[in-house]
Amino acid sequence: MSLISTLVKKEFIEVIRDKSLGASLFSILLFMGIFLFTTRERPSYLMNTFIPYISLIIGLIVGFSLSNSIVREKREGVIETILCSPMKLKELWLGKTLSISIMSSVIAVLSTYIILMLNNYEPDLTMIFYILFTVPLFILACIGLLSLIYFYLGMRQIQIANYILFISIFLILFTILKINITTEITWRTINIITSFSVTTFIITFYVVDYADIEKIILTLE
Amino acid sequence: MEQPVIIVENLVKKINDRFILNNISFNVERREIFGYLGPNGAGKTTTLRILLGLMRPTSGKALVLEGNLSKDINLRRKVGVILENDGLYNKLTAYENLDFYSRIYGVSNSSERDRRIKKLLDLVGLYDEKDKKVGYYSRGMRRRLAIARALIHDPEIVFMDESTSGLDPEAKIIVRNLIFQLARERDVTIFLISHDLDEVERLCSRVAILVGGRIVALDTTRRLMHSLERRSIEITFKNMQDAMEVAKYLDNMEILYNLHGNSIRIFYQDSNISRVLKPLVMMGLKIIDIKGNVESLYDVYLKIVRGD
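Residue numbers (my numbering), protein chains in the order written: chain F, 1 to 221; chain U, 1 to 308.
Source of the hints: derived by calculation from the structure; they are not laboratory data. Any given hint could be a false lead.
Derived, one-sided and incomplete: chain U residues facing chain F with beta-carbon distance under 8 Å [said to hold, decoys possible]:
no.: 1; residue: I73
no.: 2; residue: R76
no.: 3; residue: N85
no.: 4; residue: L92
no.: 5; residue: E96
no.: 6; residue: R115
no.: 7; residue: E170
no.: 8; residue: I174
One side only, chain U facing chain F, incomplete, derived with CB under 8 Å [as the list claims (entries may be wrong)]:
no.: 9; residue: P4
no.: 10; residue: R103
no.: 11; residue: I273
no.: 12; residue: L277
Quick list of in silico lysine-lysine cross-link-like pairs, DSS-like style, CA-CA up to 27 Å [claimed, not checked]:
no.: 13; chain 1: F; residue 1: K215; chain 2: U; residue 2: K61
no.: 14; chain 1: F; residue 1: K74; chain 2: U; residue 2: K248
no.: 15; chain 1: F; residue 1: K74; chain 2: U; residue 2: K91
no.: 16; chain 1: U; residue 1: K78; chain 2: U; residue 2: K118
no.: 17; chain 1: U; residue 1: K133; chain 2: F; residue 2: K19
no.: 18; chain 1: U; residue 1: K91; chain 2: U; residue 2: K172
no.: 19; chain 1: U; residue 1: K172; chain 2: U; residue 2: K132
no.: 20; chain 1: U; residue 1: K118; chain 2: F; residue 2: K90
no.: 21; chain 1: F; residue 1: K215; chain 2: U; residue 2: K119
no.: 22; chain 1: U; residue 1: K119; chain 2: U; residue 2: K172
If you're wondering where the values come from, they're calculated on a predicted model, not measured in any experiment. Think of the CB as a built atom: it goes at the ideal place given N, C-alpha and C, for glycine as much as any other residue.
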């Protein structure tokens, strides 16, 4: 566990000093600005349908941006040096996943809280639980999966995967804002998202045990 | 007798039905600086990766300190690694980088960590730059810091891949001296992969040359150079006739030579230098200049790699 906490601490320091966090925060502010501008005139009950998506999308955009540290470390060969150390691949994966997920979740929760406050919207218990528990869990599951995929893909494949992910997030966002999908947060939705997140994370957690380090090394060529 | 610290026996590595390593065997003794040479694509980095437990051998044995680094995580604490990339985090300072690596290598006591970090930064001449982010370091400084990083946990063996590549001559000398100092003062065994033959010649006690996945030469650096060397002596005469007269004499003696105007380069083995020079002096020829030449490891390497 101490190796993981060492890695998480190091990741926090790096992210705070990295310009990419500033870029992510700028994108979020821009997004929030657009959202607030376009939702001012909407009835307050619609907030209940948008918030679930907004908090997830903000978290995923930040997580996606921060996950690039894995790609950078692969390109710079740091991962190869780390894999020669007593740190196991699973510890490296877990440390990366936790640090990126914690930072993304904190930003997602805070941004959502600001949007709610600016709209004078008072969330109920279901919404609070969803934002504080379900959203971070979903981010953790997605980042865990994304990190594992980044470990396994070559640089060119990562570029393609990034385009696909970015376009997917953009399309989801566009669809929500355009079609006004109405999905209210209920305990049932929370259960579904939580179960999906927990299952995905557990499966990824065990799949890492069977990860082939040689294949990862060969993607560094 | 002490067991070798690296044992490679009949090592084979095949990727996509292509032999990257084809039945290679060698040992590295404790406190030795072992040079591992070969042209690009010869299989040097693959050998290193198998030894470090990052790749699996198709068959054969690759042991470090009598164990397998892919299986024995604790054994990794006895091994230091400097790969082609420095393995440093650009956003962290030199001190923070060493602190991070010392923690993951299990140096748990904070005062001990601090002592080691400061000592190593001093050793590599970066103490005054310890609070500067590594991203602002020059290539030479990064390389020196990578050496400090590899030593932070007091390893018994250090694997170095192209430790001085891309460095300016001054930085190369500093890094070379550091490597030499390590082996002598800290009793560290060094496995050195390099393209810099001058460096290998100066540092390594033994050398293996790998070509196309096979070891084509394995010996002490001195013996390897001696067995393949063609020493030569270049004599410049006052006039061309004298040089031609010597050429005739060498023809009769079946000694190799190159004639260029009034200069002649004579190739000889250690034993027959006096046999060549004595008659020349007796002939009373007017010699202007004599220059001796000994082939470097570079010449020997080229001969082996090209199969001359």
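Results for each hint:
no., hint, verdict
1, I73, "holds, 5 Å"
2, R76, "holds, 5 Å"
3, N85, "holds, 3 Å"
4, L92, "holds, 7 Å"
5, E96, "holds, 7 Å"
6, R115, "violated, 19 Å"
7, E170, "violated, 25 Å"
8, I174, "violated, 21 Å"
9, P4, "violated, 20 Å"
10, R103, "holds, 5 Å"
11, I273, "violated, 49 Å"
12, L277, "violated, 54 Å"
13, F:K215 x U:K61, "holds, 20 Å"
14, F:K74 x U:K248, "violated, 64 Å"
15, F:K74 x U:K91, "holds, 15 Å"
16, U:K78 x U:K118, "holds, 20 Å"
17, U:K133 x F:K19, "holds, 14 Å"
18, U:K91 x U:K172, "holds, 25 Å"
19, U:K172 x U:K132, "holds, 22 Å"
20, U:K118 x F:K90, "violated, 31 Å"
21, F:K215 x U:K119, "violated, 38 Å"
22, U:K119 x U:K172, "holds, 21 Å"
Figure legend: structure checked against the earlier numbered hints; hints not met, in rising order: 6, 7, 8, 9, 11, 12, 14, 20, 21.
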